[in-house]
Structures are given as C-alpha cells and as structure tokens.
Amino acid sequence: MAVTQPEILAVTGNEAVAEAMGQIDPDVVCAYPITPQTEVVQLYAQMVADGRVSTEFVTVESEHSAMSAVIGSAAGGARTMTATSSQGFALMWEVLFVAASYRLPVVMTTVNRALSGPINIHCDHSDTMGGRDTGWIQLYGENHQEAYDNCIQGVRIAEHMDVRLPVMHMYDGYVISGAIGPLQMLTKEQVQAFVGPYRAVNPMLDTKNPVTVGPFDGLHGWYFEHKVAQNRAMDRAFKVIQDAADEYAELSGRRYGLLDPYRLDDAEIAIVVVGSTAGTTRMIVDKLRDRGVKAGMVRVRVFRPFPHKEFAQALQHVKVVGVMDRADSFGAQGGPVFMEIRSALYDCDPRPQVLPFIYGLGGRDIFPDNIEQAFAELEEAARSKGRASTGRRYLNLRKD
Amino acid sequence: MTTKSGTQKVEAPPALTEIRWHGRGGQGAVTAAKLVAELALGQGKFFQAFPEYGPERSGAPIVAFTRVSDAPIQVYSGVEHPQIVVVLDPSLLSIVNVTAGAPDDAIVLVNSEMSPAELRRHYGLEGFAYYTVAATRIAVETIKRPIPNTPMVGALTRITGLFPIDDVVAFLREDFGKKFPPKVVEGNIAAITRSYEEVQAE
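Those sequence lines, one after another, are chains A and B. The first sequence begins at 1 in the numbering used here and counts up by one. The second sequence begins at 1001 in the numbering used here and counts up by one.
Quick caveat, the hints were computed from the structure, so don't treat them as lab data. Backbone N, C-alpha and C fix where the C-beta goes; we use that ideal spot for every residue, glycine too. Fair warning: there could be bad hints in the mix.
[Claimed, not checked] Every beta carbon over 12 angstroms from chain B, so not counted as near; a handful from chain A, in silico:
(1) V211
(2) Y223
(3) D243
[What the hints assert, rightly or not] Covered stretches of chain A, going by a simulated chain B footprint (3 or more residues, C-beta under 8 angstroms):
(4) 196–208
(5) 302–314
(6) 321–329
So that you can see chain B by itself, here it is in the shape it has in the complex (with noise of 0.2 angstroms):
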C-alpha cells in the first residue's frame, strides 16, 4: 500500500494551507518554516512546523513543511499536496521535483533573479503560478548574509496574504529583539519589506 505523490487536487479544507519549503542545508528554510508557523501563532490561528528529517549536511537538499489553520491540527504526516511551494534554491529545479503532489493551482515561490517568465524557459517549468523574488542578493544586502529565508518570509507575505506585513515587521522588532542585537533585527526586517515589495508575479 504505497502512497505515491500524484498530482490530484486537495482534498484539505480550505481553511488549512500546507506549505513545502525546499532548500540546501544552511539556507535557513526549516528556520522559515518555523518562523511562518509562529506568525500564525500571532494570528490566532493553528500551526505545526517540521522538517524532514534526515543527517544535516550543509548544502544537501532538504524539505521542510508547515501547516497553518483555523482549527486544531490533527494530521501529522508529510505534506503530500502542498498549496504553496517554496524553493530557496534556484539549482534545486533542475534535481527534485519540487511540485511533486502540488494541486494545478499550488503557489511556486523561487528564490532567483530571474522573472517568472525567464525561470520558466530556463527550466521548462509548466502550470503552477510561479513567483519570484532575488532573495539571495537582498539578504546580502541587508542582512550581509547569503541566507535568503527571511526575505523568502517577506514575499511569501505579499503573494498569499496569510498575515499583514505590519505584523510580520512587529513580530520580528519583537522576537528577534529578544535573540539578537539591533542591527541584524534591522536587517531581517529591511530584507522582509525589501522582497515584500520586489516579489514578481506571472
């Protein structure tokens, strides 16, 4: 009785959104995950955000999933037919499916310089809507780090509407105040508003 990723509808209701998150180890994306999960917290909604386990090794692919809802979250399986798809790394398109299971609406958010347009033709990508956004040279910019999860947050923000940017900005001010000096919450939050408003669409 094998389940294999097919690519029929969700069956979810609509009040949960799934979200996979592809990346390389050291890109930040099971952080994202979290991070997403906590500013559902902030909206009163539901939550559950988990990576796919395995040996951690810096540059690996690695898979990550969160659940946001307006009710209590009693699934706790993987992700199968992901709504929204986020890839951190462009060079992950060409080695895993990374729409693998997504319904024909699913939302791709890319972490590229490239348009939608462009990324379509230099990877053959077909269906979806893909977004995308130069989120490893805003981090650079603001953060001075290459870790594009953050500002990879900021677009995922502008495209589903999942939370107000006002509250994504205050939530940082506010829990990053607590971990970490000024200077990198300033940057997380210029590099959040940066790809909020830089984010292409189709």
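Bound conformation, chain A alone (with noise of 0.2 angstroms):
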C-alpha cells in the first residue's frame, strides 16, 4: 500500500506524544498536575480547555491518586489513559498492579528520570525499570518518533481480547521528552480508525449487569490462578504487539519489532541497550565496521513481556554481548536488562559471554567515546581465550 509522507516537523518528544493523545482523544485522562509531572498533561489539558478533545479531564492530588483515578475510571468502562514520570511514577507503585490485575486496557506515558536520592530529576530507566514486575506491558521508544508511535500501537495492544492488560510506553527524559526532534504525524482520522471504537468489558457502569472488582479473595480464593491468568496475557502479547506493529507499518511506513538489531547477522560482538542512546550506539557501529570490526547492536523496544526467544536467537551466534543499563539492580548480577539477556542465552551452545555496563544515571551524558571504550572491552573479551570477569564495568564514571 502507497504510504503519503506527512511534513516533518520540530516538536519535543512531550509534544509528540500529547499529540499522540489528542489524536487517541481517549474518553478520560486522570493526571497529577504538578512536578515531577512533565509538560505531556499541562500540553493535553491545553488541548481540553481549547475543544480539540472531547476528554473528561480530571486532575488529582497525587500520583497515587491519579492511578486510582484512571482504575475507576477504566473500571467504569471508559478507555482511559494517564502519564507520569520519576518519584511520581514511584508514588504509584501499589495502584499500578491493582489496573494490571483487575486487567484494565490503560495506556500510561512514563517519561524516564531518575529516583531520589539525592535529588535528582535527570534521565535514567531507575523509575519503570523498578516497575517491571507490576504486570503491565512495557514499551520502550527511541525517539520523538516512536515515542508517538508507542503511544497510539499501546492502546490497540492494551484492549486487545487476546491480552486486556495496561501498557505502560517510555522514552528518555530530557533527551528526547525535552529536546526538538523530528515527528511525522498520521491524521486523526487515521488514529481514530486504527485504534477503533472502545470496547469495555465488565463495566462497572453497566447496571443492568453488576459486576464487582477487585474484591477481597481470601486464603482459599483464586489470587494463585489470577495470576497464571495473567501471565498467560503477556505470553499472549508477544503476538499482538508484533501484529499490532505491522498494522501501524502499513498505515504509517514504519516498521517496528519486539527487538531492533543492527548489523548483528555476522557479529562477532555486540552491544544490547534501551532508549535514545541505540541511535548513539548505531553511529558507533557503523564506525566499527568501517575499520573492519564485526560490531552489531540490539535495542530493546518491548522489556515486559521480555522476548527472550528473539533474544537468544539474534544473539545466539555473538562472541561476547554487552550489557548497557541505565539503571542499576543494586547487589545483583548486573542491571535488570543484563539479568534478562544473561538468562536468555543460557541455553545456548556455545554460550555467548554476556558483560554488565551500567551508564548514564541521573543523567550522565553518554558519549560515543564512552560506547567506543565498551565495544573495545567486548573486543578484548573476544580475543582472550578465558571468560572474561562479569563484574559491573561503568561507563563515563568520574574518577575524581
């Protein structure tokens, strides 16, 4: 199918994805209105108070409850979306595996900054990378463009029969959420049609049917086998995020997976990292094949549900995979993205070598030099004939 290409134009990532919103134009958005909230609600409650939505828009005292907000709301059977960032994200914690087990579609914007302390409001994945074990769906965007692309594929992949779960979509702080980049925008109309009507299941608002959530299930309810249920939804999703992503391609030109690799067919190294520094990584690849290296890289674009089979596969025939976190699992093996990969390459033989690098907390700048220095540890792992020591290698860390 011929896709038109829209005009390019200068927003910032927050811009990009409330206008990704706008375009979902979902029936209600409950947000917390004040710091460390980023401009993604005070642009959309623009958008409200100007008419280009027909949301209901309602503003809570804390992040807290603004989660319990959107659970009702979406419990009472409307689509309902939020967004959030760093100590607010944090301040949600409980509520959020209260939308994941009562399997409610919500779409949440999470702008990844760092965790206090100190006090720090700079770009890290410390927030959501904490959240990984709430049962919702995590979707990680490079850029201002996948940012508003993650946004309106999350709701199909969310309300989707097959999965009902909450899909939470990021991107780096600052880096992207602050900075002017390039965006091409599909119409409304179009998001309009490839999201679809809402479909609420169960809704609490439905009197002719009652219906009661989240009751107490006591020592010999059902808790063991809601979970299951839940796992089984993301075991599901893995082929409704790939579906739904190749819909969007055809709408939009532009392809997504559940993983991103590059150059990675006949790499001898390589290095698995998440967000707005793959695009910093490639450059290097590029760089390193030109000198002959056989360098490769694989961005994670879906964390939760992890797709360790892709994993294992394009990363099988690797000598020797580095880690990038930019976040840290404090006295374990490595950093949660580590963890993953290590474990998903467990069975297979050979057994790459898989490295920890932790880099970028609180929003130390990551540099190509600093990428550079991490392919050349990979590269010295490669040629040395031991295993090379797993401990944390840290990236652009002062030494002073």
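Using the supplied hints, reconstruct the complex from the two chains, each of which is provided in its own coordinate frame.
What follows is the structure in structure tokens.
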C-alpha cells in the first residue's frame, strides 16, 4: 500500500506524545498536574481547554490518586490514559499492580527519569525498570517518532481481547522529552480508525449487568490462578504487539519489532541497549564496521513481556555481548536488562559471554567515546582465551 | 572511563554541523537553539536542539546545543566538539571556557560592542575565528527588549551560510506571525537583518 509521507514537524518528545494522545482522544485522562509531572499533561490540558478533544480531564492531588482514578475510570468502562515520570511513577507503585490485576487496558506515558536520592530530575531508567514486575506491558521508545508511534500502538495492544493488560510506554527524560526533534504524524482520522471504538468489558457502570471488581479473595480464593492468568496474557501479548506493529507499518511506513537489531547477522561482539542511546550506539557500530570490526547492536523495544526467544536467536552467534543498563539493581549480578539477556542466552550452545555495563544514571551524559570504550572491552574479551570477569563496568564514571 | 573535553579535531562527517550556545538564563539561548533547528527543517535538513538541563535561574550561565545535518541524526549526547560556538553574553568569556573541545578552526560568535581584535585583547583570547555583533544594542533598538537571541541568529546566518537570509526572514514572518503581533514580528526581522549586516569578522 502506498504511504504518502506527511510533513516533518519540529517538536519536543513531550509535544509528540501529547499530540498522539490528542489523536487517540480517550474518554478520560486522570493526572497529577504538578512536578514531577511532565509537560505532556500540561499540553493535554490545553487541548481539553481549547476543545480539540472530547476527553474528561480529571486532575487529582497525587500520583497515587491519579492511578487510583485511572483504575476507577477504566473499571467504569471508559478508555483511560495518564502520564507520569520519576517520583510520580514511584508514588503510583501499589496501585500499578491493581490496574494490571483488574486487567484494565489503560495506556500510560512514562518519561524515564531518575529516582531520589540525592534529588535528581534527569534521565535514567530507574523508575520503570523498578516497575517491571507490576504486570504492565512495557514498551521503550528510542526517539520522538517512536514515542508518538508507541503511544498509539499501546492502545491496540492493551485493548486486544487476548491481552487486556495495561501498557506503559517510555522515552528518555530530557534527551527526548525536552529536546526538539523530527516527527511525522498520522491524521486524527487514521489514528481513530487504527485504535477503533472502545470496547468495555464488564463495565461497572452497566447497571443492568452488575459486577464486582477487586473484592477480597482470601486464603482459599483464586489469587494464584488469577496471577497465572495475567502471565498467560503476557505470553499472548508477544503476537499482539507484533501484529499491532505490522498493521501500524501499513499505515505509517514505519516498521517496529519486539526488538530492534542492527548489523547483527555476522556480528562477533554486540551491545544491547534501551532508549535513545541506541542511536549513538548505531553510529559507533558503523564506525567500527568501517574499521573491519564485526560489531552489532540490538535495542530492547519490548521489555515486558521480555522476548527471550527472539533475543536468544538474535544473539546466539555473538561471542561477547555487552548489556548497557541505565538503571542498577543493587546487590544483583548486574542491571535489569543484563539479567534478562544473560538468562535468555543460558541455553545457547556455545553460550555467548555477557558483560554488564552501567551508564547514564541521574542524567550522566553518554558520549560516543564511552560506547567505543565498551566495544573495546568486548573486543578484548572476544580475543582472550578465558572468560572475562562479569563485574560491572561503569561508563563515564568520574574518577576524581 | 571519564570523557574529558579535549581540543582534538572534530570527527563528525562534514554534513553534520554542531553548534553550542552559551548564554545566561533569560537571554533566549534555548529559543535560539530551537529557532536554528526550525530553520534547518525549512531547508529540508535534519535537526536536533536541546538545552543542558538544570535549574532555570535568570542570569545563571546556561548551555544549549543545535545539530543540523543532511542525514538523520542518531547521536543523542551533548555536543563535545562544536564547530560553531555562540556566546550571548560576553561576561561569560571570563568565567566559562566557551571553546572547550572546539576544533582549531571553530567559529566563535560573541555578542559584544567590541571588534574581534578588541575582544581578543580584552579577554586575552587565542586561536579560533572570532566574530562579534552588538546583539543586545540591536535588540534594544529593534525589538525594544534586551534579548540578544534573534540578532545572534542573524549574525550566525551570515557567517555560516547555513541558510539564506531571505529564508530566515520568510520563516520569521510566517512562524512568528502566528504567535506574535506584527510589531514584534517586524522588530525581530529588523533585528536579524541588521545583525546580518553588522556582524564583524577579523
């Protein structure tokens, strides 16, 4: 199908996502309107005030209340969205599990930023990596365009009857959220056709068919079975995420997968990375390839559910894999992405070496040189006969 | 593995232009960085503009970056080796190393009443290619506010040749025309065209 290319706009990442939300035009947006909230909610409030959307916009007194109101709205039968970041995400914590276990197809934008302390408002992935076991689907975008695209695809994924789980989609705080970059938008009609009309399942506001949502389920109840059902929905989500991406590609010309490999086919060393740093890494892969180094990269797009089979297939032939985490799991063997990748490659024979790199915490910049240094360590490990230490490597850590 | 800014030559391909803006909070450095990105878009080029984030305090030194390229821009780190440095407040020359990491042939455009030669003598500046323009005075006389950002873009247009001045004027007339009253738009256009004419080379 021929795709006509729309004009390129110069927008911030937050503007891109607010526009996506406006085109989705959900029934309800519940959000906390004050810092650590991002500009997304402010821009959306403006759209509501200007009559550009038909959304009922509910401001609340905390992020805990924001997620609680989202749950109430979604359980009531409304297509519901929200946005958050950093400490706000942390304050939502206990209710995030509730949204997932009620199987509410909410879509939430989370701008990835550090958690206190010391107080720091800058980019890293500590907030949502900490929320990986809440039962939400997690999509990590690389740039302005993908932040917009993932927001729209999130609706289809969350609401699919094989899934019915909340989706959070992320992009890097400031690096993308506050920076000006290029964006091509679909029309509102295209987005509306793609997301389709909302289908509420067992809505509480259907008074002719009364239902109870979230009652006490005691020692002899079905809590365990309920959790297994959530996990089965996660398994089914792989296909739904890919199908939504393929259908979206027909519309936009932009293709997305569960993961995003680059020059990996014959790679001997490779880096796994999440978010905007993938762009810088690709540039270094090209530079190394020009020098004859068989370097490759793969970007994590979907982190929950984690496409472990696809990663094993993509990386099984690589000698040494470096995993770059922009969050740490203190006292664990490495960061959260490292542990997933290492586990995914355990059954490969021969088994690639997997080395942990931590970078960019609290917004510490990650320069091309730092990524080249990481590749140099991988090269050295690939050349040596023994297996390299799996201790953490820190990129651009101050020595003074 | 610390990356320290050095003085090595830029390794980026020539199609990529990297600009670093030094200003003080309230002088519109971030707005100027974004304006250049939008002008690049108008030329069919790829672009990126972002500030070095921190608490926004009026008068405090701030840094912003613009990248302009013929190809999609993938790098997302701060600019380490700017080919062009724009200094919106000359007093920063005494307190910030504005040319840190810049290659030897970098262009440094400074908002100052002095000529480049006077500026060099006054601040003891060596190397690089300095240009000056009295952007604050031009802003006061045209926009009626001491915000030097748009005049600096006019001077930048002249010395870099990134965009034809006619395109810059046309963009301002259309884009600012949507946001500001005609008096403000014409003031900004006058500021840009005057600084385009008045920028001094060595």
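What hint numbers does the structure not satisfy?
Numbers 4, 5 and 6, in rising order.
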